[in-house]
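Q: Given chain A's structure and the hints, the job is docking chain B onto it.
Quick mapping for you: the protein sequence lines, in order, are chains A and B.
Using our numbering, the first residue of the first sequence is number 1, and each one after it goes up by one.
Using our numbering, the first residue of the second sequence is number 1001, and each one after it goes up by one.
Hints were generated in silico from the structure; no laboratory data involved.
Any given hint could be a false lead.
[Stated by the list, open to error] Interface residues of chain B toward chain A, partial, derived using beta-carbon atoms under 8 Å:
hint, residue
1, 1021
2, 1027
3, 1031
4, 1038
5, 1041
6, 1044
7, 1059
8, 1063
9, 1067
Source: prediction; values computed, not measured.
Backbone N, C-alpha and C fix where the C-beta goes; we use that ideal spot for every residue, glycine too.
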Amino acid sequence: MMESDGPTEGEAASGDRFPEEGKAASSAERLSPAAVQALYDLHAMEMSAFLQGVLRDPDGAREALQSTFQRVLEAGHTARPDSIRGWLFRVAFHEAMALRRRQSARERTLQRFVSNGLPVEGSVSAETELIRAEDVARLKTALANLPTEQRQVVERRIYAEETFAQIAADLKLPIGTILTRMRLALQKLQKALGRPSSQENP
Amino acid sequence: MSATSDHTPHHTDSEADPRFFRAVQYVLGELSETDRDAFEAALADDVTLCIAVAEATQLVSGIHAALKPAAVVPVAHPGVPKRDRWSAAALAAAATAVAATLLATFGAPHPAANSQAVKLVSLWRDAGRSEIGATSNEATIESVATTPIHDDRVPPWMLAAVSLEHRPARSPLEEPTEPWEDN
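Extracted from the complex, chain A is given alone in its bound form (with noise of 0.2 Å):
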């Protein structure tokens, strides 16, 4: 959905995607580390969750999420200050892509040597400081809440890390059932979430 996000004019003309490091302005134009630290306090929150959605890694979402404001430091003057998030997600989503591939060269090398392979996916819920304390203990209310059969199919896939299936196989019951009760627990827990006002475009 590129019209959620308009290019820079630069980058429009040439067709990029990114900001390349050979278009990059002179020092002079770039961004101010000031001004490079307010768009992290702003961002960084969301662009690491994003980033660890990616990537299933919060070793590998902290790396991108650095490579993500070099690219800030380097070219974030090429944005549109209206249009930054999504700058931000594109370049985030580039960087995630980027280690990936790096990191998908190291596993094939590392497997020749570890017969059982490595856990490549890791959990989610590994990483920490993806969501503030009030946000959690609002959480905890509203699974306190949930019907028992949906808390039942979130606890296990989220916390347990059953997948559907086993779930459903496990409760003789169709996986359509089980994504059912899932999708609509998480519509209640995400709605007593709500959505913090610091995802607010700057």
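A: For chain B alone, kept in the frame of chain A given last:
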């Protein structure tokens, strides 16, 4: 790509947006490889989908945190009742018995091993005494009577380790002599 359309929504309308659930499935690793590739292809161009992924990750992370049992404050030796001087006597007797057993079991062939083992028992006993010293006089004689003394015994693995440490090296080709070794 109009300027007005640059305003991304503050958040996805997850209640009405089936894509949010898709994002949750993506975050949880529930999509097939084909679906995941298609989803990521869409991510590259769709900022609202990126936002949905960020929100899904936050929600999943928050649910996990909410379901996690409250942290337990670590307490030193939580299951061991406090002991008084009566238990000190019981402890010393147990340590003496262990030392006697040790000497009887491992005998004289390896004096160094015996020495190490006796030191070990001594250290074990001292550790027990320091624990006692740190306790108050709250414990009663009744509690002493019910205190299991196995806490004060030297674990068998430790005795075995001491004896093995001082056993003469054996050739790997030598026939195994111990009952727990493979034939």
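Q: So, for every hint listed, does it hold in this structure?
A: Structure-based check of all given hints:
1. 1021: Cβ of residue 1021 of chain B sits 5 Å from chain A, so the hint holds.
2. 1027: Interface hint status for residue 1027 of chain B: holds (4 Å vs cutoff 8 Å).
3. 1031: 11 Å, violated
4. 1038: Violated. Min distance 14 Å.
5. 1041: Violated, about 11 Å.
6. 1044: This hint holds: residue 1044 of chain B lies near chain A, its Cβ roughly 6 Å from the closest one there, short of 8 Å.
7. 1059: The hint holds - residue 1059 of chain B has a Cβ within 8 Å of chain A, the shortest such distance being about 6 Å.
8. 1063: 5 Å, holds
9. 1067: Holds: closest Cβ of chain A sits about 4 Å from residue 1067 of chain B, inside 8 Å.
Going down the numbered hints, you'll see the structure goes against 3, 4 and 5, while the others check out.
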